[in-house]
Amino acid sequence: MKLRNLWRLAGAACLAASFAMVLLSGRFMHSGMSKVALAAYWIVFVILLMGALYAALLDLRFTRIEYKVRERDLFRKTFMTDEFRQTVAEAQKQASKEQSPPKTS
Numbered sequence: 116m117k118l119r120n121l122w123r124l125a126g127a128a129c130l131a132a133s134f135a136m137v138l139l140s141g142r143f144m145h146s147g148m149s150k151v152a153l154a155a156y157w158i159v160f161v162i163l164l165m166g167a168l169y170a171a172l173l174d175l176r177f178t179r180i181e182y183k184v185r186e187r188d189l190f191r192k193t194f195m196t197d198e199f200r201q202t203v204a205e206a207q208k209q210a211s212k213e214q215s216p217p218k219t220s
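Residue numbers 116 to 220, in my numbering, belong to the letters of the sequence shown in order.
Hint data in this document are derived by calculation from the structure and do not stem from the laboratory. We put the CB at the ideal spot given by N, CA and C, even for glycine. Any given hint could turn out to be false.
Unchecked claim - Label pairs and their computed distance ranges (CB to CB):
1) PHE177 - VAL137: 25 to 31 Å
2) ALA210 - LEU118: 45 to 51 Å
3) SER140 - LYS192: 53 to 59 Å
4) LYS192 - TRP122: 27 to 33 Å
5) SER146 - PHE177: 41 to 47 Å
6) MET165 - LYS208: 54 to 60 Å
7) LEU175 - ALA132: 20 to 26 Å
8) LEU118 - ARG200: 33 to 39 Å
9) ARG123 - GLN209: 48 to 54 Å
10) TRP157 - ASN120: 25 to 31 Å
11) PHE194 - ILE162: 46 to 52 Å
Just need the whole structure built from these sequences, with the hints factored in.
What follows is the structure, given as structure tokens:
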């Protein structure tokens with residue numbers, strides 16, 4: 116859980132930093148700015164944005180895995196009891212008796 120909170124925090128920080136870069140781009144950029152500095156500014160912005168997207172996708176994948184694990188555990192607790200297994204076995208025996216074709220001689 117700590118790791119999950121860490122990448123959520125990192126994703127939020129990346130998103131906040133990229134948002135701040137967009138808002139402050141008017142102050143830092145001017146017509147005399149070198150093309151290298153301009154390219155570096157927007158490359159950093161894209162990297163931060165991709166970091167936020169990666170953290171969101173990582174969180175989505177972890178959430179889906181966690182949901183499946185909990186669903187599987189709930190299924191096992193509900194349906195994998197000895198009583199349920201015995202009931203299923205009896206139902207299968209009864210179904211096989213009913214479906215067996217009559218012997219013709």
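So, going through the hints one by one against the coordinates:
| no. | hint | in the structure |
| --- | --- | --- |
| 1 | PHE177 - VAL137: 25 to 31 Å | holds (28 Å) |
| 2 | ALA210 - LEU118: 45 to 51 Å | holds (48 Å) |
| 3 | SER140 - LYS192: 53 to 59 Å | holds (54 Å) |
| 4 | LYS192 - TRP122: 27 to 33 Å | holds (30 Å) |
| 5 | SER146 - PHE177: 41 to 47 Å | holds (46 Å) |
| 6 | MET165 - LYS208: 54 to 60 Å | holds (59 Å) |
| 7 | LEU175 - ALA132: 20 to 26 Å | holds (21 Å) |
| 8 | LEU118 - ARG200: 33 to 39 Å | holds (37 Å) |
| 9 | ARG123 - GLN209: 48 to 54 Å | holds (52 Å) |
| 10 | TRP157 - ASN120: 25 to 31 Å | holds (30 Å) |
| 11 | PHE194 - ILE162: 46 to 52 Å | holds (48 Å) |
Hint compliance for this structure: every hint is met.
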